[in-house]
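Taking the hints into account, I'd like the entire structure generated from these sequences.
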Amino acid sequence: MAAKRIGIMDIRQIIQLKIDGFSNRKISGLTGIHRNSVNGYVQLINACDRSLGELLVLPDAELSSLFSSPGTVDKKRYEVLCGYFEHFRTELKKPGCTKQVLWEGYQQKHPGGYAFTQFSEHFKRWLKQVKASGKLDHKAGDKIYVDYTGKKLFYIDKATGEVIEVEVFVAILPCSGYTFVEAAPSQKLAGFIGSMNNCLRYFGGVPKAIVPDNLRSAVTKGSKYEPVLNKTFKDFALHYGSVINPTRTYSPQDKALVEGAVKIVYQRIFYPLSKMSFFSIEDLNKQIGVLLGAYNDRLLGHLNVSRRQQFLTIEQPFLKPLPKEDYEVRQYRRATVQKMGYVYLSPDKNYYSVPYRYIGKRAEVSFDRQSVAIHYKSERIALHKRNYRPGTYTTIKEHLSSTHRFYRSWSPGYFEKLATPHGEQVATYIKALIAGKTYPEVAYKQCLGILSLSRKFGKQRLNNACKRGLLFHRQGFHIIERILINKMDTAEQTPEDTPDQIEAHRNIRGASYYQ
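Take the sequence shown: its position 344, counted from the start at 1, is 344 in the numbering used here, and no numbers get skipped.
If you're looking for bench data, these hints aren't it; they were derived computationally from the structure. Keep in mind that a hint or two might mislead.
[Unchecked claim] Cut-off 30 Å, straight-line C-alpha distance, at most; resulting in silico cross-link-like pairs (DSSO-like, lysine-lysine):
1) Lys456 - Lys445
2) Lys349 - Lys377
3) Lys143 - Lys349
4) Lys26 - Lys124
5) Lys456 - Lys234
6) Lys231 - Lys324
7) Lys124 - Lys263
Right under this line is the structure:
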C-alpha cells in the first residue's frame, strides 16, 4: 500500500512522538495515521542530517520542503539520479568521501534535483536492492579481517603415509572483497605471524587496522571492550605501521564478513581440493594459489566486476606501502635477574648479563633470531647477540661489579694453570674434569671447590686424592672431598674397593633369584 501524504502538523506530531521514544506502531495508533505512512516518514526523518530536535523547531515551509510524499517518485528526475548510484557507491569507499559531498556535486549538475533528504532516502533504498548497504561501512585501505577456517585441509607424508592436517588462514579486505588464503602448520604464534607476513605481501600494502577474531596468537585475554593483545602481534603491527582492533566477544556481527568469505572459500577452494592429493604443504599452497587467483578474478553478479578489479581500482591506492623487510617474530619472557647479574632465557637454556644494579629485579626479555633485549620498566638495559649454545653465559664486561669481573677470566687454561702449584695429579684431574663436561663452564665452580680443599687437607693429600680420583670413571668435587674425608688417599685401594661398588652381602639376592 502506498504511503499517504500528510500535513505539516502530523509530521511535527510524528517527530515529537519519536523524541518521546514511541514506536512506529504506537505512533500510528495514537495519531490515526496509517502505519505505512508513519514508516515512510520516519525513514525520511532518519535520513536527515539534522537531529529530531532541530527538525521540530524549523519553520513550517522549510520543514515541509524536506518531506515530499514517500510514496511518490518523479520518474524522470529519479532516473537521472539513479544513473549516478553505482558511481556514488564506488566513491563512498574512498576515505573522506561523504553523501553530503556527493549530493553537492549532483546539485551542481542538476540544480532542480532532489534535496538532500530525498537524495539520501532514494540512495539508501537502491543500496538495499543491490545488497550493498553493508559495504558502505568499509573505507578503502581501512581494515583487513583475518581468521582461520573451522575445517582443515591435509597432505600426505610420502615416507610414512601419514595424513597431516593443516590450518587454513583467511584474510579479506572488506571494501573490495579481495581475499588471501594460505595453509599453515598450526595456529601458533610463529605460524600466524608468518601467514600475516605473506598476506600483506600478497596485498602489496598495509591497511590502517588489522581485525582478528579472538585468536590465541593475537589476543592474550578477550574482552568486549578492551582485549589484552599478544605483545608479539602488537610488535608486528608497529613494524607495519598498523593498529590491531580485535572483534568484540559475543558480537558475531563484527566478524560476519570474514565468516561469509570462509563459506565461499569452502565452495571455491576446499571442494576442488578435495578431489586432489598433495604430499607437502608447499604443493598444497601452490594449488591454493591457483584456485585463489580464479576466485578473486570471478565476476560478482550484482556488480559485474571482480574482486581483483575492485581492489586495483578502489583499494590498492589507499594501502600504506610495505616496509623493506618482513616482520621477524619477536618473543617475550619475564625473568628475575640472578645474583650473578644474569637473566635466564628458557628456550635456549642459557644466560645473558645485565648491569649488576638490577640484581633481584623482575625484567622483561624479548628476543628474535638475531638478538636478545632486556628491559626493566620499559627501559632497555641490555642488548646481546643471541647465543643458541645451551648452558653458556653471554656477558658484557661493563655489566659486572668489580667482584664479579674476576669470573670473566675463567677458562680451561686458567684453571689448569691455577691447579699446577698444587701438584701434577691435581692439574691432571682438573683437566679431566673440564674435558668430561659438555660445556666447560659447568665445571668451573667444581674446580674452585677442589682447589679450596688444599687449605683444609694440604697440597700433598689433595694431590694423592686426585691421583686416586683419576681411577674412577667420572670426576667431581664431591668425589675428591669424600676421598679426603674417608682418608682413602692414604690407603692402597683399587676402584673396586671404593664405595662406588656394592659389597657382597647375604641380604643381596643377586640376579639368579629373579629367574
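Hint check:
{"no.": "1", "hint": "Lys456 - Lys445", "result": "18 Å, holds"}
{"no.": "2", "hint": "Lys349 - Lys377", "result": "24 Å, holds"}
{"no.": "3", "hint": "Lys143 - Lys349", "result": "40 Å, violated"}
{"no.": "4", "hint": "Lys26 - Lys124", "result": "25 Å, holds"}
{"no.": "5", "hint": "Lys456 - Lys234", "result": "59 Å, violated"}
{"no.": "6", "hint": "Lys231 - Lys324", "result": "22 Å, holds"}
{"no.": "7", "hint": "Lys124 - Lys263", "result": "27 Å, holds"}
Against the hints set out earlier in the document, violations occur for numbers 3 and 5.
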